[in-house]
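A.B. asks: Take the given structure of chain A and dock chain B to it, following the hints.
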Amino acid sequence: MRKTRQNLKSPEQELRIFRMRALLAVVLVFALTGLLMGRLAYLQVVQHEVYSTRSEKNRVRVEPLPPTRGLIYDRNGVLLAENRPTYNLTLVRERVDDLDATLALLVELLELPDEEAEAFRVRSRQRQRPFQPALLMSDLDEAQIARLAVNRHLLPGVEVEAQLLRYYPDAEVMAHALGYVGRINAEELQTLDAGRYAGTHFIGKTGVERYYEDALHGQAGLRKVETNARGRVLRELGRTDPVPGQNLTLTLDKQLQTLAYELLDGRRGSIVAIVPATGEILAMVSAPGFDSNQFVTGIDVASYRALQEDLDLPLYNRAIRGHYPPGSTIKPFLALAGLAEGVITPDKTVFDPGYYQLPNDSRRYRNWLRWGHGRVDMERSIAVSNNTYYYSLAHDLGIDRLHENMDAFGFGQRVGHDVFGESTALMPSRDWKRGRFNQPWYPGETLSVGIGQGYWQVTPLQLATATAVLANRGEWVKPRLASRIGDEPVPLDLPETPEDITLSNDAWWDRIYAGMEKVLTGSEGTARRTGVGLEYRMGGKSGTAQVFSLGQDQKYNAEELAERLRDHALFMAFAPLEEPQIAVSVIVENAGGGSTHAAHLARAMTDAWLLEDEEPDIEELREVLENDDGSVAGN
Amino acid sequence: MAMIDLSRVLRAHPVRPPASGIARRRSLWERLHLDPWLLAMLLVLMVAGLAVLYSASGQRPAAVTAQALRFGVALVVMFLIAQLSPTTLLRWALPVYLAGVLMLVAVELVGDMGMGAQRWLVIPGVIRFQPSELMKLAMPLMVAAYLSRRELPPRLRDLAVCALIIGVPVALIARQPDLGTSLLVGSAAVFVVLLAGLSWRFILGLGVLAAAALPLLWMNLHNYQRQRVLTFLDPNSDPLGSGWNIIQSTTAIGSGGVFGKGWLQGTQSQLEFLPERHTDFIVAVLGEEFGLVGMLAVLLLYLLIITRGLWLAAGAQDTFGRLVAGSIILTFFIYVFVNVGMVSGILPVVGVPLPLVSYGGTSSVTLMAGFGILMAIHAHRRLLPR
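Taken in sequence, the protein lines are chains A and B.
Numbered per the UniProt record's numbering, the first sequence finishes at 635, counting up by one with no gaps.
Numbered per the UniProt record's numbering, the second sequence finishes at 386, counting up by one with no gaps.
So here's chain A without its partners, still in its complex pose (with noise of 0.2 Å):
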């Protein structure tokens, strides 16, 4: 059998295809590997370069390391703005292997509402490196935490990570003049420098955080470290220190800004506090004040919508921006114009019926007393208030001479330092009426100007400047919130400062101190209920404003519009009148009454900062403010 399929088949002939076939197998078994040896070759050799770098960068990565931010003192070295230790939930989403079920079981343990989840997802994609951390959530609780803790072998991935986190502890008293920081967003992140800020989430947003930003914040340093796939820190290979942001030492002093805060007593209004001499600003309030605390972590919607549309204006910093007709505030700074003008001398008098008249006009412009304060020198107007002097000064000024003593005070100016968002208000010129409307400038104009109404605006923070700057005699020194950048003391010579206003006679300042002082004590002084018991001698000026609304579009019922439509009350002071230690400007919205109400602030003030252990009484000034219905004060 074997031999006839041996005779069918041909064994010579397939040993022959046999070992031709396997002869080319060999052939084609010796290209193949070939190929792989010139393939090995290729990424050994050739590329070798290339393939080294990328294993290197594979293996090293170089971490950030973010710079603590400077702390915030208060000129007695009262913490302001901390930083907390907080805990942080991030997540890795190459170490995750089901994102979903993750996410939901995160949301259950931090006790979230299921729609977090979704915001958790857009976070989770936010950060495009693989094995980076995304940040999911700040300022864990330690409830949440324990939970995490528990069950953090179900949740590969997930970190809690320590940050440190900015805290603000008096926050609604700190909040206009502090500022705040907040996460840095899209727009900030293409300005800022990208090495300066690596590993940065925050940013000064607004007053002192964010004008010393660039101190504050200091240099993030890096260091190299090996990884493995997984992103794990293997080892450091090399590092640089962070350079951590420097104190700030402030003017503020807590305990003065507080009482600010106390005294408005949740009334809108804003509190401004000087150091004439060196324009150190000791209190610099806004109220109502919000907390800033939420704008660190990220405020949600509904909060931030309540204080949006809150009708006191929480988020408006009143005493930079707030834009208030300075009423009678400023008749002592027109007198002085009048002096170093020759308009007038300090005996000079002003017959007042009860109105002024232009030439060739019929129209009156009335004093706020009906039947006029006959004849007034210059102290008595001031003491008076007395309209009609000051209407007569200001047409003999003119609206151009007006404008440019004004000036010199620093009105329609940004006069502050370093006080960020600081609006210029506005002190009216031909110029700018030209440029506003089109129109040319009416002498009526000039008259209204002259009692601080008119298109005059001033913020609290100008008005107490100028306050200062007539307590030094004319000398100029810009008003600052920081005394001292790390260890570096801010020079009292500031740039930029405005010229120091001269008068031809020295004296001249007294005499508008004797005008300022009668305002308190003297027996017509329209805050002389204000002045009772004075420990020192003090000047000051009332003044009220006619409303102007701060927000447009309001919806409110009438018993809100009556109270909102009240005047507004003012005051502005400094003492003591030998070495003044204290300048002020005080402005209560809507407060009705003439400027008593304001008086009593300013008063309440310089007593908490002249005189020791003055423990002021809160209650004891309420009761004052509800009895003193301002029957004897005029503007």
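Hints listed in this document are in silico derivations from the structure and should not be mistaken for laboratory results.
Ideal Cβ placement from N, Cα and C applies to all residues, glycine included.
Any given hint could turn out to be false.
Unchecked claim - Residues on chain B that point at chain A, a partial pick, calculated with CB under 8 Å:
| # | residue |
| --- | --- |
| 1 | P153 |
| 2 | L156 |
| 3 | T250 |
| 4 | G254 |
| 5 | G262 |
| 6 | Q265 |
| 7 | Q268 |
| 8 | F273 |
| 9 | L310 |
| 10 | G326 |
| 11 | F337 |
As the list claims (entries may be wrong) - Quick look at which bits of chain B chain A covers, simulated, 3 or more residues with Cβ under 8 Å:
| # | segment |
| --- | --- |
| 12 | 99 to 107 |
| 13 | 311 to 323 |
| 14 | 339 to 352 |
C.D. replies: Chain B alone, transformed into the frame defined by chain A:
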């Protein structure tokens, strides 16, 4: 007729004629039915493989011990199979093949899922078994057994039968899905047909047919398989997903340079950037730590093994032995080529291990069983009746 044939064989493989009619004294190796050269080279490869594995396994001695144990088992299997005579192999070809096909069908019906594919046949508490591994050997045996009884070069009718023999199990394995194994099983069978003398016209025709079938094949691929092909064409299209493996493996090899970073010093491997570094991608560890020099040395060792294998195949007594031996050794080359080609980025990712270096028991045993067959065919050539 037979005498002439024999003389030709003798001329190709000169052996000393038996001295004075008495059976020549057989050497120890001949009595053991082993080829010392092949065995020595395989042992060198295994030792080198264990050294690389120690590094690739994250320096876990346990992995090396386990692998050494498997090598031991594989060597025993090889020795036992080497004792079988080619006639036995020829007899068993059909039953083993049929059993393999039946088991593949069983896998299709009741198989155990593992790693996303249905590859395992489990008799609970007894054995976990991968029928496709058996097929790697059963297939060339079956095709060779069939063709060795036909007139060669094969006629069209024989080829049709061969296509059936090959097609059924390959399709079953591909369905599991296990592209790598179906490729290996398929090529083992195709090598038999090619070595049997498939005419060039057919080869050309099949080539054209295969090219025409490519779109059809593409449509029947699983998504992950298509993704592998796309990734192969442009690894950077999905650098963190399917492209990750190939980017990391080429980076590992390329960064190794000429002399490598040194044993246990490869950062790509030791820091776990390299995926599957102790199994399919182990050659990247070799390339990173031992450089081009190490790679060439290992490739050369493979070449020597293959050349020796083909030499032994050419010396086989009959067509069946030649075809089986040739197919086994060329399939061994396919392992090497596909694996190294894939890891170095010139072939798409297909699950084929680097023979006797990659961690894994089943494939080592199968491979060594194949070498057992090779040695059986070689060692028994003079025992066949003339």
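A.B. asks: Look at each hint and say if it fits the structure.
C.D. replies: Okay, the hints, checked on the actual structure:
1. The beta carbon of P153(B) is positioned within 8 Å of a beta carbon in chain A (closest approach about 6 Å), and the interface hint is therefore held.
2. The beta carbon of L156(B) is not positioned within 8 Å of any beta carbon in chain A (closest approach about 17 Å), and the interface hint is therefore violated.
3. The interface hint given for T250(B) holds, since its Cβ lies 6 Å from the closest Cβ of chain A, which is under the 8 Å cut-off.
4. Here the hint on G254(B) is kept, as its CB sits about 3 Å from the closest CB of chain A, short of 8 Å.
5. Look at G262(B): its Cβ only gets to about 14 Å from chain A, farther than 8 Å, so that hint breaks.
6. Because the beta carbon of Q265(B) sits about 12 Å from the nearest beta carbon in chain A, more than 8 Å, this interface hint is broken.
7. Interface restraint check: Q268(B) against chain A, minimum CB-CB distance 6 Å, threshold 8 Å, status holds.
8. A distance limit of 8 Å between C-beta atoms decides the matter here; for F273(B) the minimum to chain A is near 4 Å, and the interface restraint holds.
9. With its C-beta approaching chain A no nearer than about 5 Å, L310(B) sits inside the 8 Å limit, and its interface hint holds.
10. For G326(B), the suggested interface contact is upheld, since its CB lies about 6 Å from the closest CB of chain A, less than 8 Å.
11. A hinted interface residue such as F337(B) counts as satisfied when its beta carbon comes closer than 8 Å to some beta carbon of chain A; here the least separation is about 5 Å, so the hint holds.
12. Counting residues of the segment 99 to 107 of chain B whose CB lies closer than 8 Å to any CB of chain A gives 0, so the stated coverage by that chain is violated, three being the minimum.
13. Here's how the segment 311 to 323 of chain B fares: 6 of its residues keep a CB closer than 8 Å to some CB of chain A, so the rule of at least three is met and the hint holds.
14. Counting residues of the segment 339 to 352 of chain B whose CB lies closer than 8 Å to any CB of chain A gives 5, so the stated coverage by that chain holds, three being the minimum.
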